[in-house]
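Turn these sequences into a full structure, and let the hints steer you where they fit.
If you read the sequences in order, they're chains G and V.
Residue numbering for the first sequence follows numbering that gives the first Met the number 0, beginning at 0 and increasing consecutively.
Residue numbering for the second sequence follows numbering that gives the first Met the number 0, beginning at 0 and increasing consecutively.
Any given hint could be a false lead.
When chains are identical, the list treats them as one kind, so a pair holds in a single copy or across two.
Claimed, not checked - Here are the simulated SDA-like pairs of lysine to any residue, each with C-alpha atoms no more than 25 Å apart in a straight line:
| no. | residue 1 | residue 2 |
| --- | --- | --- |
| 1 | LYS1 | ASP74 |
| 2 | LYS1 | GLU37 |
| 3 | LYS1 | SER31 |
| 4 | LYS1 | LYS19 |
| 5 | LYS122 | ILE90 |
| 6 | LYS94 | SER27 |
| 7 | LYS1 | SER36 |
| 8 | LYS19 | VAL7 |
Derived by calculation from the structure, the hints in this document are not laboratory data.
Protein chains: 2
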Amino acid sequence: MKAIEDLVSLLTRLPGVGRKSALRIAYSLLRSDLAFSEALAERIRTLRATIHFCAECGAYAESELCQVCSDLSRDRSIVCVVEQPQDVITIEASKEYRGLYHVLGGVLSPLEGVGPDRLNIGKLIQRIQSSRATSVPILEVVIATNPTIEGDTTALYLKKLLEKEPVRVTRLATGIPVGGDLEYADRLTLARSFRGRSSF
Amino acid sequence: MKAIEDLVSLLTRLPGVGRKSALRIAYSLLRSDLAFSEALAERIRTLRATIHFCAECGAYAESELCQVCSDLSRDRSIVCVVEQPQDVITIEASKEYRGLYHVLGGVLSPLEGVGPDRLNIGKLIQRIQSSRATSVPILEVVIATNPTIEGDTTALYLKKLLEKEPVRVTRLATGIPVGGDLEYADRLTLARSFRGRSSF
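Right, here's the structure in full:
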């Protein structure tokens, strides 16, 4: 069945989709109403044409600026630095943060040949500096790169770099996840949550 | 991000795709090369137009007859009865069976109002009877409905019905799966594998 095999081999290139899941998806498409598979195909086809990168912060955007950058009610004195555009969506979903974002587009990784020049860092400095001419200068940069070796290295690099700027540099807390269990926390997480302990 | 949300809500209607997986798929499509997402969209769009049901056995087919029915090297004296078109693909993948198929299109389910008239049973009887006028009459019907209450009921119903025809009626063996462990076999499977034990 070539049509099914072709679809399955494309589907298995998606994250988290193995051959069995791909077959189940193909069969369900064969049984589903035609309108559904047509709508799905159309959304996949047009996704890339609809979504751009925000000219200001690098997050996903449907027009020149993303929803956050064009929202005048956001706190423009604080910028959260993330690795990838999807991190913005993840943080937005938590509804905890009301400031702006800055997407690096990756992390420093000497092994993979990713140096500072490959990341969207120059623009961050420029945003901080030009904000001083406005009524709301950037006062704090929250570094929200992942707590991995590369993410931590990138955070340290940015901290050093931002020492020259009159901004407070902070880092997201690492520790045991809420609802987690000490028993299942790895040694590094546990060590970090000790170092980061707060008075209670 | 409406374009992403729209795609995610469609993707979560696929089997085995929750919200997190759907988001991961959407992000990977945003990062993938354009040719890939266009190929995927095209395959999904054309799948239903390419795949039909075999006029003879009801399996998935790309022309009037499926690959099995149009393959003259298959053993036409034996017919394997399955519930769904995808079961044919599953059995074909095992490369164990060389006969023909017959797809019922479901199982008897009084609770859901599925009676014998809703299944592709009349055509099965007709195939058996008209095969007698050919050089290779159908001699055996292997019932391969799932070993569930509905599948077993359907198998029993077919066995009764086929008593009138000069064919041998068999049922796929049920028992402990190869590579399985007695410890994890449920009581019913274990009971069936005792009843179906063979000399060794």
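Evaluation of the provided hints:
Taking the shortest alpha-carbon separations for LYS1 and ASP74, only the inter-copy value of 23 Å comes in at or below 25 Å, while the best intra-copy value is 54 Å. When the C-alpha separation of LYS1 and GLU37 is checked against a cutoff of 25 Å, the pair qualifies both within a copy, at 20 Å, and between copies, at 18 Å. In this assembly of identical chains, LYS1 and SER31 lie within 25 Å of each other by CA distance both inside one copy and across copies; the values are 19 Å within and 24 Å between. Taking CA atoms no more than 25 Å apart as the test, LYS1 paired with LYS19 passes inside one copy only; the shortest distance there is 16 Å, against 30 Å between copies.
Within a single copy, LYS122 and ILE90 get their C-alpha atoms as close as 21 Å, which meets the 25 Å cut-off; across copies the closest is 58 Å, which misses it. In this assembly of identical chains, the alpha carbons of LYS94 and SER27 lie at most 25 Å apart only when taken from different copies (24 Å versus 35 Å within one copy). In this homomeric assembly, LYS1 and SER36 come within 25 Å of each other (Cα to Cα) both inside a single copy, at 18 Å, and across copies, at 19 Å. In this assembly of identical chains, LYS19 and VAL7 lie within 25 Å of each other by CA distance both inside one copy and across copies; the values are 9 Å within and 21 Å between.
Every hint, counting from the list given before, is met by this structure.
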